Amino acid sequence: MKRLIVFLTILGTFALTAHAQTETLIRNATVLTVTQGTLQNTDVLLRNGKIAAVGKNLKASANARVIDGTGKFVMPGIIDCHSHSMLDTINEGTLAVTSMVRTQDVLNTTDVDLYRELAGGVTTLNLLHGSANPIGGLNTVVKIKYGRPASEFLFPGAMPGIKFALGENVKRSSQPNLPGVTRRYPNTRMGVEETIRDAFTRARDYKRTWDEYREAVKKDKNLMPPRRDLQLEPLVEILEGKRYVHAHCYIASEILMLISIADEFGFKIKTFQHVLEGYKVAKEIAAHGAGASIFADSWGYKIEAYDAIPYNAAIMTRAGVVVSMNSDSDERARRLNIEAAKAMHWGDLTEEQALKLVTLNPAIQLGIQERVGSIEVGKDADIAIWNGHPFSVYARVDTTFIDGDVYFDREKDLARRPELAKERATLEQAEPNKPPARGQSPQTPRRRPSSHEDDAEVEKP
Amino acid sequence: MRLCAFAGEKQMKILLTLILCAGSVVAQQIGNPTTQQGVLPPRGTFAIRNARIVTVTGPDIENGTVVIRDGKIEAVGTNVSVPAGAQTIDGRGLSVYPGMIDAGTNMGLVEVPQGANGTVDLSEVGDLNPNAKAIIAVNPHSAHIGVTRVEGITNTLTAPTGGLISGQAALINLLGTAPKEMAVVPQAALVINYPRIGFGGGGFGGGFQQPTNLADTLTANERQVEQIRKMLRDAEAYGRAQDAYAKDKSVPRPDRNVVLEPLVPYVRGEQPVIFRADREAEIRGAIRFAEEMKLKPIILGGNDAWKVASLLKEKNIPVILTGIFSLPSREDDAYDALYENPAKLQQAGVRFCISTGDAGPEVRNLAQYAGMAAAFGLSKSDAVKSVTLYPAQILNVADRLGSIEVGKMANLVVTDGDLLEIRTRIKYLLIDGRPVVLSSRHTELNDAFKNRK
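Sequence order for the protein chains is A and B.
Heads up: the first sequence begins at 439 in the numbering used here, then just goes up one per residue.
Heads up: the second sequence begins at 17 in the numbering used here, then just goes up one per residue.
One thing to keep in mind: the hints can contain errors.
[Unchecked claim] Derived lysine to any residue pairs resembling SDA-like cross-links, with alpha carbons at most 25 Å apart:
{"no.": "1", "chain 1": "A", "residue 1": "LYS872", "chain 2": "B", "residue 2": "THR235"}
{"no.": "2", "chain 1": "A", "residue 1": "LYS609", "chain 2": "B", "residue 2": "GLY131"}
{"no.": "3", "chain 1": "A", "residue 1": "LYS494", "chain 2": "A", "residue 2": "THR508"}
{"no.": "4", "chain 1": "B", "residue 1": "LYS360", "chain 2": "A", "residue 2": "GLY826"}
{"no.": "5", "chain 1": "A", "residue 1": "LYS680", "chain 2": "A", "residue 2": "ARG646"}
{"no.": "6", "chain 1": "A", "residue 1": "LYS721", "chain 2": "A", "residue 2": "ASP701"}
{"no.": "7", "chain 1": "B", "residue 1": "LYS396", "chain 2": "A", "residue 2": "ASP836"}
{"no.": "8", "chain 1": "B", "residue 1": "LYS396", "chain 2": "B", "residue 2": "VAL413"}
{"no.": "9", "chain 1": "B", "residue 1": "LYS396", "chain 2": "A", "residue 2": "ARG834"}
{"no.": "10", "chain 1": "B", "residue 1": "LYS466", "chain 2": "A", "residue 2": "GLU789"}
{"no.": "11", "chain 1": "A", "residue 1": "LYS860", "chain 2": "B", "residue 2": "GLY393"}
{"no.": "12", "chain 1": "B", "residue 1": "LYS323", "chain 2": "A", "residue 2": "LEU858"}
{"no.": "13", "chain 1": "A", "residue 1": "LYS872", "chain 2": "A", "residue 2": "ARG862"}
{"no.": "14", "chain 1": "B", "residue 1": "LYS360", "chain 2": "A", "residue 2": "LEU858"}
{"no.": "15", "chain 1": "A", "residue 1": "LYS850", "chain 2": "B", "residue 2": "ASP348"}
{"no.": "16", "chain 1": "B", "residue 1": "LYS396", "chain 2": "A", "residue 2": "GLY509"}
{"no.": "17", "chain 1": "A", "residue 1": "LYS510", "chain 2": "B", "residue 2": "ASP434"}
{"no.": "18", "chain 1": "A", "residue 1": "LYS721", "chain 2": "A", "residue 2": "ALA690"}
{"no.": "19", "chain 1": "A", "residue 1": "LYS680", "chain 2": "A", "residue 2": "GLU722"}
{"no.": "20", "chain 1": "A", "residue 1": "LYS497", "chain 2": "A", "residue 2": "GLY509"}
{"no.": "21", "chain 1": "B", "residue 1": "LYS246", "chain 2": "B", "residue 2": "ALA260"}
Derived from the structure by calculation, the hints contain no laboratory data.
The structure displayed is predicted, hence computed values, not measured ones.
Please model the entire structure based on the sequences and the hints provided.
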């Protein structure tokens with residue numbers, strides 16, 4: 439038995455390190471460092487999963503992979519601060535407070551949209567619960583290690599978080615009134631406030647019960663501990679500053695409402711998500727110290743989105759709010775570079791400010807800014823090589839690295855296509871895949887909607 | 017109007033400053049943004065000088081001049097004299113493009129789709145509504161229109177969506193105080209939803225997809241096609257009866273029928289019929305059906321068009337591509353299958369144009385859809401054509417729209433850079449020869465709140 443454990447330990451160590459042993463030198467590229475400006479004709483050395491050096495005429499070891507970066511742009515991997523990719527389910531919507539459920543329990547590592555996001559230069563996702571309830575489930579921050587087991591996706595050291603939500607989705611505004619069916623509380627923005635207040639009031643009492651127990655147990659080792667409450671535990675972590683709140687919201691009044699509750703209970707909102715009317719209350723958001731994670735220009739898809747404007751990023755940034763640009767959609771996640779560039783078109787942010795919207799700022803919002811979000815020596819080798827400036831509509835990604843390993847390579851992707859086409863043709867001819875003359879058609883696997891159902895896109899013409 | 021009294025370059029600068037400032041003046045009524053205009057800006061004589069002119073149909077002209085008079089392009093070139101009294105725009109460092117056209121929208125038919133049903137005029141009750149005309153319901157005062165045109169989109173095809181025969185789409189200018197003033201072609205095309213295969217129990221996004229009985233689905237499908245066929249045949253017969261009566265009053269007078277009557281020019285192949293179809297089987301079905309009925313088809317959607325390219329080429333059927341930014345429908349599709357779709361059609365010689373396919377709010381991003389196609393194989397000049405000349409050709413209005421040529425409607429965009437680049441700004445905008453104020457509900461809300469301390 440002992441021998442087996444030793445063997446497994448060796449195997450485990452091998453599995454962990456085997457992937458990060460590669461060394462890559464990107465030569466003579468334009469490097470968008472985010473924190474140190476744009477460096478022309480610069481080399482970037484990736485070693486042991488980290489950015490080992492940034493500079494001119496760097497030397498690599500003999501077996502390093504060397505990439506000619508002439509005419510190419512190197513950018514930090516994009517961080518999407520609002521995603522539902524790879525979640526088999528999004529909303530536990532039966533209760534108004536579901537802080538006991540975890541997105542980490544429903545990760546689908548084979549979701550092909552992950553690959554499509556890698557092809558857009560995205561490397562990190564904040565996987566959030568849906569917006570069906572005032573207090574939703576717990577989030578998961580992942581690196582898109584497509585092809586690896588779920589445990590390797592988890593971003594080490596990312597701050598635990600939770601989803602809150604306000605407004606129309608929480609009120610179940612688009613749910614029909616059915617005879618004989620009682621509507622779930624709350625039904626108004628007043629009820630949303632009360633629901634959150636009630637939950638934190640209970641959480642505060644629960645925390646007190648545990649604090650008292652921990653004091654008392656020092657004197658009496660035989661004391662029975664209080665019963666654990668899985669719903670309130672995450673809320674206690676929020677009160678203790680150990681868990682970030684990511685709060686879906688739209689209109690100005692509900693943003694102020696949540697700031698007011700947070701101030702009253704002594705905790706912080708880490709990010710307001712969507713926050714379409716954030717520009718109307720930018721100074722209050724800044725004063726609270728909250729960040730904002732927004733769409734570039736989505737608007738008009740429902741009543742609470744009718745006052746959204748594409749100048750939101752600029753106004754909030756100038757007010758001192760840390761702003762990020764997110765997708766909330768597997769589709770949009772593939773082109774967050776374009777979304778960030780829009781903040782230069784609408785509202786005149788500088789290139790550096792706009793770059794931060796999808797790199798350093800979301801990293802700050804997830805507590806991973808020491809690891810990712812800029813190209814600096816010592817940070818994780820999570821980068822993408824683009825064939826043009828990523829803020830150009832004509833640019834696309836050549837290669838995406840996570841921890842120094844290649845997770846997307848356009849050349850390899852293109853090279854594999856004929857072989858895959860052949861494989862598909864063969865499979866289509868296989869007996870089990872032939873459509874029957876009569877009866878049931880072949881089953882198609884169930885897929886979650888690719889964009890957040892609550893923010894469903896408007897009907898296509 | 018006072019603006020017309022101005023002449024000369026200096027005055028024009030003042031005029032344009034006024035135009036640009038108008039947004040912020042209006043916006044001082046905080047919380048009450050208004051982009052609605054009760055008076056059309058007047059046509060006049062304008063000259064854009066010393067600009068790079070992207071004519072689209074001919075080579076680009078450096079340091080050129082465009083003269084606009086009474087709504088039309090009067091002259092284009094380097095050797096063009098500016099008429100006396102013309103208001104001039106200094107185009108140094110700027111580029112002039114034809115206005116962009118989105119041929120696949122519902123612009124003006126819906127304001128807020130969710131939670132405000134009263135603002136939704138997309139689809140009529142029932143399956144067969146050829147007489148539902150978009151031009152009747154299009155809202156000239158929709159906030160979407162102002163928000164869209166300030167990004168350089170001057171025209172949209174606005175289509176109803178419901179049932180099998182949805183109704184008739186209108187080609188409009190994104191300027192006007194009444195639908196009639198906006199209409200370029202009030203009844204531009206008949207819109208048919210070609211029956212979709214394989215969505216028996218389908219829900220949005222396939223989330224609740226149920227196993228379907230293929231045989232049943234195909235039967236249901238055929239039944240729907242037959243419904244369309246029957247109505248079109250009725251319209252043919254109706255047209256023949258009316259013609260016969262017109263020639264010979266001694267034959268029994270056929271009753272007029274407001275539902276069949278509008279179909280006559282479509283069943284006679286005089287006007288285009290748009291088929292919404294994305295999947296290969298649907299596109300092939302639509303082509304077969306159009307051929308059988310001798311219609312003049314256009315495919316709208318066209319996600320699988322690249323798989324049907326040779327047939328589309330052979331039959332000379334154009335495609336309005338709306339899915340550039342859609343996720344590929346199959347897990348094993350190439351990640352860029354839909355980004356590449358336009359380039360593949362171009363290579364195969366299929367006529368196509370690029371559309372957002374959006375109801376309204378996202379139409380302003382049309383340039384990025386075309387730009388993405390250029391990132392994946394389409395030439396930059398074809399990308400520009402795909403949102404200017406190509407939609408004009410497909411909608412049969414290339415004599416009026418889609419390029420900068422003498423005699424065409426003066427729908428012009430003056431930019432500080434590449435039309436399709438995200439960071440490019442629109443500096444001036446003319447629609448139907450009328451200078452348009454570059455404000456919208458969004459600029460007004462920005463002005464109202466950006467300085468809140």
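To see whether the hints hold, each was checked on the structure:
1. Between the alpha carbons of A:LYS872 and B:THR235 the distance comes to roughly 19 Å, so the proposed pair stays at or under 25 Å and holds.
2. A hinted pair counts as satisfied when its Cα atoms are at most 25 Å apart, and A:LYS609 with B:GLY131 qualifies at roughly 12 Å.
3. Of the pairs offered as hints, the one joining A:LYS494 and A:THR508 holds, with about 13 Å between alpha carbons and a cut-off of 25 Å not exceeded.
4. Proximity of B:LYS360 to A:GLY826 is assessed by CA-CA distance (about 22 Å); at most 25 Å being required, the pair is judged to hold.
5. With a CA separation close to 17 Å, the supplied pair A:LYS680 and A:ARG646 stays within the 25 Å bound.
6. This hinted pair checks out: A:LYS721 and A:ASP701 have alpha carbons roughly 15 Å apart, not beyond 25 Å.
7. Using a Cα cut-off of 25 Å, the hinted pair B:LYS396 and A:ASP836 holds, with the two alpha carbons roughly 20 Å apart.
8. Pair hint B:LYS396 plus B:VAL413 holds up; C-alpha atoms about 23 Å apart against a cutoff of 25 Å.
9. Restraint check for B:LYS396 and A:ARG834: the C-alpha separation of about 14 Å stays at or below 25 Å, so the hint holds.
10. At roughly 20 Å between alpha-carbon atoms, B:LYS466 and A:GLU789 fall within 25 Å of each other, so this suggested pair holds.
11. Between A:LYS860 and B:GLY393 the CA atoms are separated by roughly 23 Å; this keeps the pair inside 25 Å, and the hint holds.
12. At roughly 16 Å between alpha-carbon atoms, B:LYS323 and A:LEU858 fall within 25 Å of each other, so this suggested pair holds.
13. Of the supplied pair hints, the one linking A:LYS872 and A:ARG862 holds, its CA atoms being roughly 13 Å apart against a limit of 25 Å.
14. Between the alpha carbons of B:LYS360 and A:LEU858 the distance comes to roughly 19 Å, so the proposed pair stays at or under 25 Å and holds.
15. In summary, the hint linking A:LYS850 to B:ASP348 is supported, as the alpha carbons are separated by about 15 Å, within the 25 Å threshold.
16. With a C-alpha separation of about 19 Å, the suggested pair B:LYS396 and A:GLY509 falls inside the 25 Å cut-off, and the hint holds.
17. Between A:LYS510 and B:ASP434 the alpha-carbon distance is near 20 Å, which keeps this suggested pair within the 25 Å criterion.
18. Taking the CA atoms of A:LYS721 and A:ALA690, the gap is near 12 Å; set against the 25 Å cutoff, the hint holds.
19. Note on A:LYS680 and A:GLU722: the hinted pairing holds, with a Cα-Cα distance of about 23 Å set against a maximum of 25 Å.
20. Using a Cα cut-off of 25 Å, the hinted pair A:LYS497 and A:GLY509 holds, with the two alpha carbons roughly 20 Å apart.
21. A distance of roughly 21 Å separates the Cα atoms of B:LYS246 and B:ALA260; the hinted pair therefore holds under the 25 Å criterion.
Of the numbered hints listed earlier, not one is contradicted by the structure.
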